[in-house]
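Visitor: Quick mapping for you: the protein sequence lines, in order, are chains A and B.
So the first sequence is numbered by my numbering: it starts at 1 and just counts up by one.
So the second sequence is numbered by my numbering: it starts at 1001 and just counts up by one.
Calculated from the structure, these hints are not laboratory results.
In this text the structure is predicted, and so the values were computed from the model without any measurement.
Cβ atoms here follow ideal geometry from the backbone N, Cα and C, with glycine treated the same way.
Treat the hints with care, as some may be off.
[As the list claims (entries may be wrong)] Not everything, but these chain B residues come out facing chain A in the computed CB check (under 8 Å):
id, residue
1, G1043
2, L1096
3, E1163
4, N1242
5, A1246
6, W1258
Protein chains: 2
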Amino acid sequence: MTNKQNRATAISHPNLAFIKYWGNQDDRLRLPVNSSVSMNLHGLQTQTTVEWGENLEGDTLILNGNYETGRALERVSAHLDVIRERLNLTMRASVLSANNFPMGTGIASSASSFAALTVAAVAAGGGNLTERELTTLARRGSGSASRSVPSGFVRWYKGDSHETSYAESIAAPDYWDVVDVIAVVSGQHKAVGSTEGHQSANTSDLQAARVAGADERLRVCCDAILARDFASFAEVVEMDSNLMHAVMMTSRPPLFYWLPATLAIMEQVRRWRADGLQVCYTLDAGPNVHCICIRKDAEQVKSGLKVLSGVLNVLTAPPGGPANIIEHATE
Amino acid sequence: MTNKQNRATAISHPNLAFIKYWGNQDDRLRLPVNSSVSMNLHGLQTQTTVEWGENLEGDTLILNGNYETGRALERVSAHLDVIRERLNLTMRASVLSANNFPMGTGIASSASSFAALTVAAVAAGGGNLTERELTTLARRGSGSASRSVPSGFVRWYKGDSHETSYAESIAAPDYWDVVDVIAVVSGQHKAVGSTEGHQSANTSDLQAARVAGADERLRVCCDAILARDFASFAEVVEMDSNLMHAVMMTSRPPLFYWLPATLAIMEQVRRWRADGLQVCYTLDAGPNVHCICIRKDAEQVKSGLKVLSGVLNVLTAPPGGPANIIEHATE
C-alpha cells in the first residue's frame, strides 16, 4: 500500500573543513560568520531513505537500527518542516538512516546526515531543485551539511540570507590526490556539541579577529587547492585550525577539545613536515587529528600514527563525491 | 686591593604573572603592550654580587659557577651599560650570580637575575635610587624583572616611556595566603626564548584582541587579589593564560609551549576546581603548570599533581618579598 513515488534513498559523505566554520551571523538560518572550504570524505557515508506518507501521524526516525525519539527526532522533524514548507507538503515522513562509520569514531555525522536527509526528502517529495538550492536547505539542518551536497572540494559562501549562503564544488574529487588520514584518539561523544559551540564563539574576545582574517585565508586555501600547492595549503590549514581552537579555549566558559594525544600528534605532524613529508593537520570540534597528506605519503603517515601513544585507530579517506540519490521509487 | 665600597650583593625572586606580559610597544626599551600583575615566588631566588673595578678591562660574568662568554655575557654587559649611563660610571664590573633553583626546572631566571643585577649594581655603584626607578632600570634587562623588584603582589604599568613604565607593590606577601604549586613537566630549555617570543607576538592575528581586553582583566585581577576573591581570580587568571597561549600558537611561525602532560594537568585543575578545590592554573612561555591555590589546599594539590603522568617534580612557593641588598661593603 506504500505510495512508492514518495520514497527516495540518498548517500552522502561527511566533510573535512580546511577553513573552518565556527560561529553564526544567524543561528536560526545557520548563516555562518565566515565562508569555509572542505573536502568530502570518500568511504565514510550516511545512507538515508525518506518516505512521505499521507497516513502517517508524525515523523519517525530509525537511526542505525534504533527508533529515535527526543532531541534527535525533533531536530530531524524541524528540518523536515523546512522541506515541507519549500515543497508545499503536509505529509509526515518516515526516515531510515545509517552511517557506515561508527558513532564511536568521533567523526561528526551531522553534515552527512542532513545532506542525505535533504537530498532524499526533496527527491521523495517530487522536488526538482538545483544543487545550489539543495545546499541552502541542507544548511538549515546543520551548517556544514551544505558542504556535503556538492562534489569533491567545496566552498560554502557565508552569504547574508538563506538564498545567498550556499555551497559549490571548486574541484572534482580526482583533481588533487590528497588523503585525510584520521588519527582517532577518542570515540567519546563531544562534551559540547557543535550547535552549542557555534553559539559560544562570540563569547571569545578572539572571534572577531579570527573572522576578520577568514576571507584572506579562504582565498589562500582555495588558490593552494587549485594550484595543488601543498606548502601553502599546509600553512594556512594548520593556522586556521589553530585559530578556531584558540577561539574555543578562550570562550566563556572555555572549550578545550584537545586531549594530550592530540597535542602529541600535532607536534609529530609538524616534525614530519619539517623532515620533508607532505602532511599537515587540522582538527574539528573534537580531539581526533585529521592528517592531510599527498596519497603517496599516506601509508607512511598511517604507520607513523599507529604507533603513537593514545591513537586508538587510523582511518583513511580520499576526496569524495556529492550527495547522491541511489534509489528513487518511480512506480 | 679591591675597592670594597664598590661591591654589593642582592637577592631577588622570580615572579609568576597572573595577567601576562607578551609583546612590546618598544623592543629596545622593553615597554610592554599591556600592563601586568604578578607575585614573587618565595624560596626561589637569584643571588648576585656586583663589584665595579677601576682596573677591569671588561665586564665578567660567573653564572652558577661558570665563566660565561657569548650571548649571556653580552646581555649582562648591555644592561650594565644602562646602569653605567644612569650612574655616570665608566668602570667595568665583575658579576657573580647563582640561582638556588636549577636551570632544569624550567623556571625562567631572567626576571630574578636582572632584578638582582640591577639592585646590586646600583648599590655597588653608590646610586641611591627610588624603588620605582629601580623597577624601570630592571625592565631594561628583562621586562618581567621590573616586577621582581617590589614586594609581594606587584603591578607593572605599561607606561609610554622609560620613566612611566614602572612596577609597584599592590599588596605585601602576607596579604593573601595563596601558594604557587609548580608542576614541572620538562626541564628542557625553551625552544624559543622570551625575547624572541615577545617580538613574535605581533605576528598573531589575535594579539590586538588580547591586548584590547588586558586593562579590564588587570582591573578584575587586582580587585580579586585585594578582595581575596579566589573565584574571580581563578577565572581571569586562566583566561589570561589561555589568551596568551592562543596568541602564541597563532603566531608566524606558531609557538606551541604545551606538552601533552601540560594539557592533562590543566584539565585536572579545572576538574579539581569544579569539585570545590580552590585552585587554578597559569602557564608562562613554557610547559610547566603553575597551580595557584589557597595554602590550606596546597598539600592536596601537590600530592594530586605528583601522581599525574609526566610530572617530573613539584615545587611550592608562597608570595615572596622584594629584591633586597643583603651585603654592601662600606669599608
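Visitor: Compare the structure with each hint and give your call.
Guide: Here is how each hint holds up against the structure:
no.	hint	result
1	G1043	30 Å, violated
2	L1096	39 Å, violated
3	E1163	31 Å, violated
4	N1242	5 Å, holds
5	A1246	3 Å, holds
6	W1258	6 Å, holds
Comparing the model with each numbered hint stated earlier shows that hints 1, 2 and 3 do not hold.
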